[in-house]
Amino acid sequence: MTVLETERTAPPTGATAAIRPTVPGPAPESAQTKSGNRRQYVLFALFAFPNLLLIGVFAYWPILGNFALSLTDWDMISPMPNFIGLDNYTALFSDPGFIDVMRRTLIWVVAVVGSSLIFGLGMALLFNGGARGGKAVSTLAFTPHVISGAAVAAVWLFIFDPNYGLSRLLFNSIGMDSPHWTTDPDMALGALIIVAVWKGAGFVAIVYLAALQSIPRDVIEAAQLDGAGRWKTFTKIVWPLLTPTTFFLCVTQIIGAFQAFDLIAMMTSGGPAGSTTTLSWYIYEQGFQEFNIGSAAASSVFMFVILLLVTAVQMRFAERKVHYS
Amino acid sequence: MQNNPLASTLNKSSSRRSFLGALGLTALAIPALAACGNSSAGAFSQPATKVPAGFSGRRNVVIWSSWGGDNGKMFADLIKKFNESQTAIYAEVQQFDGYDGVGEKLTAGLRAKQIPDLAVLSDIHWNRYFLSDALEPLNKYHDSGFGPAVYTENFYKEGTVREESYWVPFARSTPLFYYNRDLFASVGLPDRAPDTWDEFRSWGKEITGVKFKGNTMKMRALTGTDDWYFSGLLWAFGGSISKGLDVTLDSAESMAAVDFERQLVHEDKSMYLAQSFVNDFSNGQCATVTQSTGGLTSVTKAAKFDVGTGFMPKGPAGAGTPTGGGGLSVMRQISDERKADAVEVLRFLASDEISAQWTVGTGYLPVTKGATSSKLVTDLMGKNPNYRVAVDQLQIASGPDDVRRYVTSAISELKQMVQKNYTSNVSPEELVKPVAEKLRAEAEKIRSTYEEKVA
Numbered sequence: 001m002t003v004l005e006t007e008r009t010a011p012p013t014g015a016t017a018a019i020r021p022t023v024p025g026p027a028p029e030s031a032q033t034k035s036g037n038r039r040q041y042v043l044f045a046l047f048a049f050p051n052l053l054l055i056g057v058f059a060y061w062p063i064l065g066n067f068a069l070s071l072t073d074w075d076m077i078s079p080m081p082n083f084i085g086l087d088n089y090t091a092l093f094s095d096p097g098f099i100d101v102m103r104r105t106l107i108w109v110v111a112v113v114g115s116s117l118i119f120g121l122g123m124a125l126l127f128n129g130g131a132r133g134g135k136a137v138s139t140l141a142f143t144p145h146v147i148s149g150a151a152v153a154a155v156w157l158f159i160f161d162p163n164y165g166l167s168r169l170l171f172n173s174i175g176m177d178s179p180h181w182t183t184d185p186d187m188a189l190g191a192l193i194i195v196a197v198w199k200g201a202g203f204v205a206i207v208y209l210a211a212l213q214s215i216p217r218d219v220i221e222a223a224q225l226d227g228a229g230r231w232k233t234f235t236k237i238v239w240p241l242l243t244p245t246t247f248f249l250c251v252t253q254i255i256g257a258f259q260a261f262d263l264i265a266m267m268t269s270g271g272p273a274g275s276t277t278t279l280s281w282y283i284y285e286q287g288f289q290e291f292n293i294g295s296a297a298a299s300s301v302f303m304f305v306i307l308l309l310v311t312a313v314q315m316r317f318a319e320r321k322v323h324y325s
Numbered sequence: 001m002q003n004n005p006l007a008s009t010l011n012k013s014s015s016r017r018s019f020l021g022a023l024g025l026t027a028l029a030i031p032a033l034a035a036c037g038n039s040s041a042g043a044f045s046q047p048a049t050k051v052p053a054g055f056s057g058r059r060n061v062v063i064w065s066s067w068g069g070d071n072g073k074m075f076a077d078l079i080k081k082f083n084e085s086q087t088a089i090y091a092e093v094q095q096f097d098g099y100d101g102v103g104e105k106l107t108a109g110l111r112a113k114q115i116p117d118l119a120v121l122s123d124i125h126w127n128r129y130f131l132s133d134a135l136e137p138l139n140k141y142h143d144s145g146f147g148p149a150v151y152t153e154n155f156y157k158e159g160t161v162r163e164e165s166y167w168v169p170f171a172r173s174t175p176l177f178y179y180n181r182d183l184f185a186s187v188g189l190p191d192r193a194p195d196t197w198d199e200f201r202s203w204g205k206e207i208t209g210v211k212f213k214g215n216t217m218k219m220r221a222l223t224g225t226d227d228w229y230f231s232g233l234l235w236a237f238g239g240s241i242s243k244g245l246d247v248t249l250d251s252a253e254s255m256a257a258v259d260f261e262r263q264l265v266h267e268d269k270s271m272y273l274a275q276s277f278v279n280d281f282s283n284g285q286c287a288t289v290t291q292s293t294g295g296l297t298s299v300t301k302a303a304k305f306d307v308g309t310g311f312m313p314k315g316p317a318g319a320g321t322p323t324g325g326g327g328l329s330v331m332r333q334i335s336d337e338r339k340a341d342a343v344e345v346l347r348f349l350a351s352d353e354i355s356a357q358w359t360v361g362t363g364y365l366p367v368t369k370g371a372t373s374s375k376l377v378t379d380l381m382g383k384n385p386n387y388r389v390a391v392d393q394l395q396i397a398s399g400p401d402d403v404r405r406y407v408t409s410a411i412s413e414l415k416q417m418v419q420k421n422y423t424s425n426v427s428p429e430e431l432v433k434p435v436a437e438k439l440r441a442e443a444e445k446i447r448s449t450y451e452e453k454v455a
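Sequence lines, in order, name chains A and B.
Throughout the first sequence, residue numbering follows full-length UniProt numbering, covering 1 to 325 in sequence.
Throughout the second sequence, residue numbering follows full-length UniProt numbering, covering 1 to 455 in sequence.
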């Protein structure tokens, strides 16, 4: 850039040109160039400022504010928070209850993301096979994803009700009593996982279906001509070509599972006895039920760090393993 | 790149250290800025309203309410009547999800400096806002139509601190013992509520397992939001959550009450944690339920059988009946004009006719002396003796323990403890001790403010 500008402003001639160094180095800019650059940066700032302002106010400012609150003891009703340093973090990591919450969150994320990917991929392979009525079924499978969490929860609360829900009908028909899905601590998290997978697998299926349909037919046909069976075609051709999609789904589904709130709020409120309290609900409970804002903020910082790490690890993994065709 | 003015400016002025320093300073300034919210009286704005054409040009009163369903409609009807009776004020009801919903929104509103004129607060929530000076003292507005001369004495006193009124009664209730009269008759039990918890237990053994109209019966369906009824049980056994701010949840008497419930759930198997305890009762899935008097009208309407009610059973220490429900408070950080308009709404709701209509429409207890003796309410009691039971029980009811009132985490902790008792067969010591310790630590945080303003 420097060389080009120098050449443009002072064309070399004769002996001067012969001894002039051509390596980049500091060179004076003309007033016209400086003015042009300034105009460009002003223009850039004008375009970027509204977006930067919005991102700053609605993303970074709350993150900073949340971090600051995590260093305080405050109920949000009292006029002033008390600065307590890192006490909220110390309390959090020495609280066995919080360790339970993290263990439960891990089970929740692994089960919801894993099951959604498996069921979603299964459905996508089924729809991609060109079975009759496939389009109608895929539309139906996608429907739960667009229904609000509150409506899904209301439907499933009816299904799960052990006294007059569908569950009672089904279990009674085989001579059994319905489990107490949402009021038994041993069942409640499982019940929520079923609902979350039911709601989320359709989206996974549609994304996988689009990816499957974009795989070039000639690659698959060539493999089949070489004698590859269905399983080998899938494991050696299809699955590797699906890795970018799987990577995208993993990232979005893990973040979504960590932040899950609506189903828990509507169906169990984190109960019974905390058996469905995942990290997102715990943050809400600390903040808006116990009004322990410092603890809620510290938990939020912890969740932010986890999601940052998950994304960073996956990005790193993606660079090495994901195959982009 | 070296000549890039933007980059060089950034390089010169923003070393990593100075950037992080600025970041830290900004972060630390935020709570201080956020905390400025409560300090300046009169500066808080009113939430937006949608005033119908016929009422435009009036001053607005915004009420944040917790009631939905039938009770919400009833409250909206009363406020409509208020608006029709006025020429200068228009009141708008904005509904939230229960008392907790109003509490969350009000707390956020105080920080954002945008609050309603009147808030429906539970018998627990108002105390926290009082401690933080968010509620307007009301004695100066008292006259013959609004104040201690009008309200039922024990309800009125519950909303006062050191003789100053901050919270006026409106939707007050006590827990009531509801039972399925048809089922009791079929099992051969007397047509009344059990007198004592021991009698309740023995009747539970008779009823549990009985087939009635296609359902296998249990004695009582429990709710996971049971800290209110549970506090009454503690009193009946001679225990309590606290005496003042001194936590007594782990006293021998309190733990006996916890153990009693554990035995009924896990040994007798006569009680169970329900997904929807009121629906289970209304649909004839269980024999009895403990529910607010405020649910009397809706439960009676929904039940497909004859509903009986009675006082809550007594324990070894006698009756244990907590008052509950909601009342109304005027917010302190609004203009004097807004406060005066809000009091006009309170004055209207305290009139005998309106108070009686609310009681008849919802089942909440009459909160004014005039409403209690009004023809509307006495006629209702004559027609349906269940309403008489609710009013009579008020004589033996008391307000909540102070830790439940003032410690913000108490309700959440107690609910979780009660749920654990209903679902896990653990010893009372193991269950109660950690909760008691946590409440003690939380109570200490507010002790100085409590002693300055309440004790």
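Calculated from the structure, these hints are not laboratory results.
Be a bit skeptical, because a hint or two may be false.
Claimed, not checked - Computed footprint of chain A on chain B, listed as stretches where at least three residues anywhere in the stretch have a Cβ under 8 Å from a Cβ of chain A: (1) 265-275; (2) 280-286; (3) 415-425.
All figures in this text were calculated on a predicted structure; none of them were measured in a lab.
Think of the CB as a built atom: it goes at the ideal place given N, C-alpha and C, for glycine as much as any other residue.
Exercise. How about the stretch 415-425 of chain B: do at least three of its residues have a C-beta closer than 8 Å to a C-beta of chain A?
Worked result: holds (count 7)
Exercise. Counting residues of the stretch 265-275 of chain B that have a beta-carbon nearer than 8 Å to any beta-carbon of chain A, does the count reach 3?
Worked result: holds (count 4)
Exercise. Do at least three Cβ atoms from the stretch 280-286 of chain B come closer than 8 Å to Cβ atoms of chain A?
Worked result: Three-residue rule met by the stretch 280-286 of chain B, so holds; n is 3.
Hint compliance for this structure: no hint is broken.
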